[in-house]
Amino acid sequence: MWDFSTDAAFQARLDWADAFVRDEVEPLDVLFPGNADPYDRTSRVYTEGVRPLQQRVRDQGLWAAHLPPELGGMGMGQLQLALLNEILGRSGWAPMVFGTQAPDSGNAEILAHYGTEEQRKEHLQPLLDGHIVSTFAMTEPTGGADPGGFTCRAVRDGDDWVIDGEKWFASNYPHAAFVIAMVITDPDVPVYQGSSMFIIPAGTPGMEMVRATGLAGEPLGEGAHAYLRFTGCRVPAENLLGEPGTGFAIAQTRLGGGRLHHAMRTVGQCRRALEMMAERIAGRRTRGRPLADQQAVRHALADSWIQLEQFRLQVLHAAWHADNAARTGTKEDARAARLHISAVKAATPTILVDIAYRAMHLHGALGVSNELPLTRMWQAGPVLGVADGPTEAHKDVVARLLLKDVEPPDDRLFGSAHLPARLAAAREKYADLVRSEEATTR
197 MWDFSTDAAF QARLDWADAF VRDEVEPLDV LFPGNADPYD RTSRVYTEGV RPLQQRVRDQ
257 GLWAAHLPPE LGGMGMGQLQ LALLNEILGR SGWAPMVFGT QAPDSGNAEI LAHYGTEEQR
317 KEHLQPLLDG HIVSTFAMTE PTGGADPGGF TCRAVRDGDD WVIDGEKWFA SNYPHAAFVI
377 AMVITDPDVP VYQGSSMFII PAGTPGMEMV RATGLAGEPL GEGAHAYLRF TGCRVPAENL
437 LGEPGTGFAI AQTRLGGGRL HHAMRTVGQC RRALEMMAER IAGRRTRGRP LADQQAVRHA
497 LADSWIQLEQ FRLQVLHAAW HADNAARTGT KEDARAARLH ISAVKAATPT ILVDIAYRAM
557 HLHGALGVSN ELPLTRMWQA GPVLGVADGP TEAHKDVVAR LLLKDVEPPD DRLFGSAHLP
617 ARLAAAREKY ADLVRSEEAT TR
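The numbering of the sequence shown is the numbering used here, which starts it at 197 and goes up by one.
Rather than coming from a laboratory, the hints here were simulated on the basis of the structure. There could be a bad hint or two in this list.
What the hints assert, rightly or not - 16 Å max Cα-Cα, derived EDC-like pairs, lysine to aspartate or glutamate: (1) Lys-600 / Asp-529; (2) Lys-591 / Asp-342; (3) Lys-317 / Glu-266; (4) Lys-317 / Glu-434; (5) Lys-527 / Asp-601; (6) Lys-600 / Glu-528.
This one's a predicted model, so the numbers in the text were calculated from it and none came from an experiment.
The whole structure should be built from the sequences, with the hints applied where relevant.
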């Protein structure tokens with residue numbers, strides 16, 4: 197049976213989260229809007245302001261909802277996470293307050309799935325407790341997000357691995373207690389078999405930050421991301437995650453969920469922009485008439501609502517496929533989940549750019565000023581277009597999966613939908629009916 201309702205008990209928790217984010221968390225966005233602010237564990241804002249909020253989330257049983265109960269989470273499936281993340285997407289601070297911030301959430305999943313008992317004790321538990329933050333280092337200055345172009349390598353030397361190379365846009369490194377880095381350990385085989393993941397504690401000799409990198413609009417030399425260089429960086433063999441050569445597979449554990457979570461939170465951002473758009477339309481006049489009387493304005497609002505509803509249903513459907521694949525474990529369901537997740541990832545930047553732009557435009561000069569958050573939302577669209585793999589790569593995945601089982605038509609020239617051929621086949625199939633009809637019309 198098809199059903200779009202939400203369990204009443206879970207809806208009550210969602211209602212609590214919605215009110216909590218609006219009343220308690222969103223003020224932090226106004227007071228401390230810096231991208232790096234939520235990750236500084238030494239600040240008074242975190243120790244005196246955020247920690248008490250996190251405790252209230254724990255008391256509601258909503259802390260680290262993406263992780264299983266044995267790791268201190270709620271064990272929510274992706275579908276329930278989608279409904280929660282729609283709410284958290286309204287606020288830059290909310291994921292941190294709820295223990296679901298990137299890249300820590302993905303790194304926690306990696307450690308939970310592939311870490312040894314010692315690795316989980318040393319790195320995962322403090323991460324779950326909110327005492328530290330971490331970095332995920334995958335992309336490179338030359339290879340970008342394409343693992344086939346990676347040049348950062350690790351060579352085994354006795355009881356150590358020695359890492360040399362560079363990583364680009366390593367998020368939150370200035371505040372991280374450790375880095376999880378994907379590097380090449382066997383360059384003679386395809387990258388899907390020759391990459392590995394390592395845990396590299398902050399302060400490890402040979403790992404240096406060339407410079408901090410921010411997003412557009414932030415001062416040069418500042419930002420929450422890092423350009424990293426590894427020069428003879430030695431890490432013990434026990435810092436390897438999983439087995440040598442499994443780095444690509446491990447990365448997919450975190451990236452699939454991360455792509456969905458970006459989309460889920462984008463729904464929340466778009467809803468916020470839509471609320472601002474509707475409020476502006478309802479409260480303004482232009483050329484002597486209410487803005488709501490302008491047909492173009494009404495169409496902009498309608499287009500935004502329709503676009504968002506379509507995208508939201510696409511996200512929820514993809515989340516359902518992810519849950520289904522986790523439940524059944526079949527290759528067919530895993531493939532379906534991958535198809536829908538890649539499609540959502542490709543659609544995410546467009547929806548945010550479109551809706552944020554319409555909201556900006558309807559607010560006039562105020563919309564592009566630093567007195568509203570709309571320009572920052574709009575700017576996040578292109579960021580999401582390259583985060584966790586560029587949009588073009590995910591469109592390619594969608595196309596390849598759609599074409600995987602498609603056979604060329606027998607009629608290579610005109611295809612299977614060619615009407616003359618279909619008409620001939622239909623006449624043959626219903627020859628008696630055709631003859632009867634033709635006799636009647638004579």
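Structure-based check of each hint:
Only pairs whose Cα atoms come within 16 Å are accepted, and Lys-600 paired with Asp-529 is accepted, the gap being roughly 15 Å. A threshold of 16 Å between alpha carbons decides the hint, and for Lys-591 with Asp-342 the separation of about 15 Å falls inside it, so the pair holds. With a C-alpha separation of about 13 Å, the suggested pairing of Lys-317 with Glu-266 holds against the 16 Å cut-off. Between Lys-317 and Glu-434, the direct Cα distance comes to roughly 14 Å. Compliance with the 16 Å bound is thereby established for this hinted pair.
Taking the CA atoms of Lys-527 and Asp-601, the gap is about 14 Å. The hint holds against a cut of 16 Å. Restraint check: the Cα-Cα separation between Lys-600 and Glu-528 comes to about 12 Å, which is no more than 16 Å; the hinted pair holds.
The structure agrees with every numbered hint stated previously.
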